[in-house]
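Student: Each chain is listed here by its residues.
Protein chains: 2
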Amino acid sequence: MLVPNKNYADLKDSYLFFNISGKVKEYSEKHPDDHILRLGIGDVSLPLCDTVIESLHKGVDDQSVKERFHGYMPEVGADFLREKIKAYYGKRNVVLDADEVFVSSGASDELGDILDLFDRSNSALVIEPADPAYVDANIIAGRKIVHLESGRADNFLPMPDEKLSADILYICSPNNPTGAVYTKEGLKAWVDYANRHGSVILFDAAYEAFIEEDRPHSIFEIEGARTCAIEICSLSKTAGFTGTRLGYTVIPKDLVREGMSLNKMWVRNRTTKTNGVSYIIQRGGEAVFTDEGQKQIKENIKVYKDNAKVLMKALDEIGIWYCGGKNAPYIWLECPDKMGSWEFFDLLLNKLQIVGTPGEGFGKCGEGFFRFSTFGDPADTIEAARRLKTLL
Amino acid sequence: MLVPNKNYADLKDSYLFFNISGKVKEYSEKHPDDHILRLGIGDVSLPLCDTVIESLHKGVDDQSVKERFHGYMPEVGADFLREKIKAYYGKRNVVLDADEVFVSSGASDELGDILDLFDRSNSALVIEPADPAYVDANIIAGRKIVHLESGRADNFLPMPDEKLSADILYICSPNNPTGAVYTKEGLKAWVDYANRHGSVILFDAAYEAFIEEDRPHSIFEIEGARTCAIEICSLSKTAGFTGTRLGYTVIPKDLVREGMSLNKMWVRNRTTKTNGVSYIIQRGGEAVFTDEGQKQIKENIKVYKDNAKVLMKALDEIGIWYCGGKNAPYIWLECPDKMGSWEFFDLLLNKLQIVGTPGEGFGKCGEGFFRFSTFGDPADTIEAARRLKTLL
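Top line first, the protein sequences correspond to chains A and B. One point on numbering: in this note's numbering, the residue at position 10 of the first sequence is 10, and numbering is uninterrupted. Count along the second sequence starting at 1, add 392, and that's the number in this note's numbering.
Calculated directly from the structure, the hints in this document are not laboratory data. What you are looking at is a predicted structure, and each value in this text was computed from that prediction instead of being measured. Heads up, the beta-carbon is just placed ideally off N, CA and C, and yes, glycines get one too. Heads up, a few of these hints could be off.
[What the hints assert, rightly or not] Stretches of chain B that chain A covers, calculated by requiring three or more beta carbons in the stretch to come under 8 Å of a beta carbon on chain A:
(1) 633–642
(2) 736–747
[Said to hold, decoys possible] Quick list of in silico lysine-lysine cross-link-like pairs, DSBU-like style, CA-CA up to 35 Å:
(3) Lys25(A) / Lys656(B)
(4) Lys458(B) / Lys91(A)
(5) Lys536(B) / Lys58(A)
(6) Lys536(B) / Lys144(A)
The following block holds chain A by itself, in its conformation from the complex (with noise of 0.2 Å):
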């Protein structure tokens, strides 16, 4: 008889979004001519750049003869994608070998597989707010959840505690949903912590490429993350890769555990339980890396970072503490006058036609918090500035 993976009982469903829709959509039932600016998705508005583009079409004239057709792919990436993941990462003065960079479908697909790496037993912590993912993978994988609450006194970039222990740390800099982004004292402290006690850090770098303060963009520019780090990105919002799907995922060979490289053990698992990322796309993706195709995506991050500074300008004149926004695509604020996340949210839905997403969403210590995105479209995110600072 089979038995079902009762751990997925455990899991709390999350409504979040759900609601979200479900109060908008109420909304513009009532009020049919009214035009909502949407600031609360974490998806990308623009388009992929040109290069790009052209790449991909080049990938599927390739799949179309049969001198130049790929079948099945390295099940760890394509060498020539491979090759320049390793050479990003070398401009930062980050030496790896090609055969560190894994390619895969996406940081979330990865974060959710990667667990195989680890026993059971292992502890996970968490530092919230969060992306509920981190806590949800584990829980189905049956591990305890260690939570580390952030907030305003450490802004929202808390240092490790010794008093803490857990196996496996989630470290998400920059921050999805605060924006925050540790410095390099900030990140050794986590780094010299994993070390001492032999933990993993799971760094999620998705945002990276929004970093324009003097700030790690690779836990790999920290002595000693080698031995003690696995680093998880995505070119989802580096180049708007959203729907059309690529990450990679850096596995030093000096780390190490009871013996066993997780570097071969990801070698492993891929070659056991994938069969690679779909050639066009990877075709794709090397377009990213490519100087031209650096200069493009740049463009698209300028005009999210141009609603990061309009959205930044109105916070700051009606004196709303946030963080984020910066080295960040998002906006992480306090709710004015000590209302609730969901408060605040029905307010700015109702009196100025904005959607946000409500703090308390990542995390019980993210209540009275909320989130803006800067993904959304200029002309909405200028209207949505001005009608902020109506809220004065």
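Given the coordinates of chain A, work out where chain B should sit on it, guided by the hints.
Tutor: Positioned in the frame of chain A, the structure of chain B alone reads:
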């Protein structure tokens, strides 16, 4: 201190294809002018058909324009594709709801991931010879494997044995590597066994498009399967997607264990652990299920089937026993003169410059057997058949 998943240490290294390529390389270096006829690969050799290429290009174009750009896709698959797949099943009178169909990156990816639905205490029955990934994915999860050997006596289509007890039952029909295909009665026996024991069948239907006789393409053509089976399919061999990556999985809503719906659990798994499959690739897949797409993929399949006919005729003439070939892209033959798999491999390579796959790579009971793939080049296949006849 992080504990790695020590089950990886129980995995046997697979040297099968490594050893094959080593021997081929050595031969080629000694005989640089010989043309080697490759019937070993399980990969397709024909490019994608025109209508799929056209649809992929359109998908890429959509990603280039803001108005038609697609960001995050539904994690369970795009409606346009789920509906098409539902209709494809409908043609064989298998009635599904669209939300019983999940779009995947391919069968191998899904066969790895789907195990997340089951408790690790379950045992997995593998009918051997078999794709080594069935066993390995369960070893990684720490599950007990129940091996069921098949052979010439049962035409490599064993029936369930009431003395055997297992919770997860792998059935691959048409089979890799043997090419054997269950009849309706054969599958009915397995479905009845699963329902009696509360087991769940993982039905690998990756080769269904090669069936030409009256055999079930889907486990859901069998009465009772909706309460005991998951079907995992792929466009890899159906439409040449080995390097393009797309598949689909059917989990009926009637599949419930201990009150838990496996369909609902899989929705939760996908929304937690993925962000869906590439929009572009799903558009390519959509074209496969149009009338024109079905016509064009059948033209490609016919090329492989003609390869099979040529090889079967040669084997008939020299009096070698085999199965498969008729409803499957693989031919599974008994090595002549009681030769071992590797002995026959060496003979074919050194005397005839033909490369095939030794049967023991698929499990102990594959010893003394040999697999020919029909996915190779037609001219090479004809030449291989001619040379085989010199074995007489």
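Student: Is the coverage entry for the stretch 736–747 of chain B by chain A consistent with the three-residue Cβ rule at 8 Å?
Tutor: Since three or more residues must qualify, the claim that chain A covers the stretch 736–747 of chain B is violated, with 0 doing so at under 8 Å.
Student: Under 8 Å between beta-carbons, do enough residues of the stretch 633–642 of chain B, three at least, approach chain A for the coverage claim to hold?
Tutor: holds (count 4)
Student: Sort out whether Lys656(B) lies within 35 Å of Lys25(A), counting only the CA atoms.
Tutor: Holds. Lys25(A) to Lys656(B) sits at ~25 Å (cutoff 35 Å).
Student: Is Lys536(B) within 35 Å of Lys144(A), Cα to Cα?
Tutor: Answer holds: Lys536(B) to Lys144(A) is near 25 Å, not above 35 Å.
Student: When you check the alpha-carbon spacing of Lys536(B) and Lys58(A), does it fall within 35 Å?
Tutor: violated (46 Å)
Student: For the pair we were handed, Lys458(B) and Lys91(A), check the Cα-Cα distance against 35 Å.
Tutor: Holds, at about 31 Å.
This entry does not satisfy hints 2 and 5, going by the numbered hints stated previously.
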